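Colleague: So you can see what is in the structure, the chains are spelled out below.
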Amino acid sequence: MKEITVALIGNPNVGKTTLLNLLAGTDLKVGNWPGVTVEKKEATIKYKDYLIHIVDLPGIYTLEPLSEAEEVAINFLENEKIDVILDVIDTQNFEKNFFLTTQLLEFEKPTVIVLNIYDEAQRKGISINIPFLEEILNIKAVKTIARKGEGVDKVLDAIIQVYEKQQIPSIKYEQKIEEIISRLSKLLNKKLTKHEAIKILLYGVKDRDLNNKIEELRRELERFYGESLEDIIKDERFGFAHGVTKEVVKKEKEQKYDITELLDTFLLHPYIGIGIYVFIMFLLFKVAFDFSSPLMDWLDGFLVEFLSPILVNILKTLNASDLIINFFTEAVIGGVGFVLTFVPLIAVLFFLMTFLEMSGYLPRIAVLMDRFMEKLGLHGSMVIPLMLGFGCNVPAIMATRVIEDKRDKFIVIMMIPFMTCPARLIVFAFFASVFFDNPVIIIMALYLLGIIVGLITAFFLKKTTFKGKLTHFALELPPYRIPTLKALLSVTWIHTKGFIYRAGTVIFAISIIVWGLLNLPPNIKDQSQSYAAKIGQVLVPVFEPIGIDDWRATASLIPAFLAREIALSALGTMYYAEVKEEIKSENFNFKEEIINQTKKLFISIKDATFSVFSIKIKAFEVANEEFETLRNVVKAHFTPLSALSYMILLLIYTSCVATVAVMIQEIGKKYALLFLGYSFVLAWSIAFIIYNVGKLFM
Amino acid sequence: MKILEVPENKEVIVKKIPNIDNPFLKKVEAMGLKKGEKVKVLSKVGRNLVISVEGRKMVIDEELAKEIEVE
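The listed protein sequences derive, respectively, from chains A and B. If you read the first sequence in our numbering, its first letter stands for residue 156, the second for the next number, and so on. If you read the second sequence in our numbering, its first letter stands for residue 42, the second for the next number, and so on.
Excised from the complex, chain A in its bound form (with noise of 0.2 Å):
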């Protein structure tokens, strides 16, 4: 079977993600760009007689290295074996799109340059000359409307056409230039690409003689135009885009009418938009809690009630002895099962965050608060990675490549782990319901005392470490496009993927580590002899000032570092432990038990469809009686005022390692483990002093 390596790129907002999704399905693998935090997404299809492995390089305008991320495609495409270059254009924006095309055609690699977005292209009156194009560039050019799918299935034969006729595009500059381009590989002795020789050009070679040489090239061609270097190339790849624009591009009429002015015209508005914003905030949060909170509800009762006894069931009938199905019971439904019964929140936020990413909404958010960023003396780019930072902390922190300036993304990086991520709001969805009769307005206020907690640091900073003048904004505003359903569905299936995989691999062997220590030295009498109660006692003193003085509790904080949700986890396995008699297996009806459990199936559905439509946040409204077990159990270790201090220690301090460690790669190990030491002060301060005024008043 034959490998081909393509290298898709295209400027950002075109598609791309989408194109890649449909080409990949479900093959797609989100990594990172080796030393930088660029994402890199790629994947490897199966097709025909082929197999084609596509990186995805990150969406730029130009090959100048103006960030990291313009850094990370040029590093690629020169030193990487690249046999297909996949250049993504949007048909309506040909001419602009064309710059970075013209910049690819110096590569001299074979190319298929995908036409997207075709359709609303033909709705503004343009039309692509396919065939003049394909004929003049020496290229395949494909039409596509990736939203709807069509065309894709072109791609891959394209790409394969180009591989196998080694189809190497043909692109002319001026006369002067081609000469200076010939005269270059003669004194090298070599054949240049376009791409090679512009280089060298610009950047000189090692070889100091070679490079007067050079040198005097350059000049001749500075002395001909009448430019600088940098000027003439610049000029010239301008015009060629501009040329071949006006070779193969029709445009027949003028539309007036334009969805994305019309909508830009509110949510745009200095006041308008930020009231817009606001609500979209809030539909996004009630959505998300509404919708998931009747199906984990499901879940947890499916578990407890369903296969907690139909295992122990099995387990008796096998003879299993009684420390087996603690085993089961106690470290794998009580501890893992517990985590899992959140998915439904973490699919649903990850789903309504990447409709905001894809439909062209985050950079207008970006806009709007600058006014209020700025003055802070920050950047209103910050938002977007801030944003995503409530769907996880990691992803935002790769995101901050859409901030040029290194300090601005230094600060960025610094204010993302405050923000609260699903993993944390478990936590709080959990102790909140239990200890608070408006857990809603808890859970509010915890998001907005990280947002706080992020600004002061953000603030801080600036003052002192990072004075001086504001960046600059230059963003694009794309068009509005209502995502396709099943490129959602992909992207939020990656995430979620991951969140189970943890679930079944970290968490649950925290949960084995967790009920080992629990039940360990052997011939305990009870867990307050264990080995998790003995860690968990040494670290009391230096919890309970903030309230925290139960030896679960403590001693769930460190397993918790390798991810928050798993602080619940080890509570849940510690707690189990505690209620495990109350699991009851006798009179267990296995086929009455099925059709129950799927009726609560359906009724689930139906609230968690009718709850997304009323005006009140509904989720957490009504305690569920059912599954109190658990909850009655951590309401006797913790008084509401420990439960907000556990909830803000872990809003504020960085527990979570895969936080820690990209930060680390991004900004450096010393910074890292200075704000992961800041975190913790912060978090611990700022639980003493809202435990100690709390008591004077409770």
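Just so you know, the hints here were simulated from the structure itself, not pulled from any lab data. It is possible that some hints are incorrect.
Stated by the list, open to error - Capping the alpha-carbon separation at 35 Å, the derived lysine-lysine pairs in DSBU-like fashion look like this:
#, chain 1, residue 1, chain 2, residue 2
1, A, K406, B, K56
2, B, K85, A, K405
3, A, K279, A, K309
4, B, K85, A, K622
5, B, K56, A, K345
This structure is a prediction, so every number in the text was calculated from the model and none was measured.
Given chain A, work out where chain B should sit, using these hints.
Modeller: This is chain B only, laid out in the frame that chain A set:
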């Protein structure tokens, strides 16, 4: 005239983007705000200008807008 001084919704043509070492100006240029291009200021939001260049809508701040010459 600088683009900063252009009244809203009036179409002008970019005369010059200065060749100074500013990655933001280079990015703006690569995005398509270049010499000879028709451009329109749509609105002002805070310190930023929402502009439309044939086919592309973008936002630049006043400091950048001070650098871009139009006619």
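Colleague: Taking the numbered hints from earlier one at a time, note which ones the structure violates and give those numbers from smallest to largest.
Modeller: Number 5 - this is the single hint that the structure violates.
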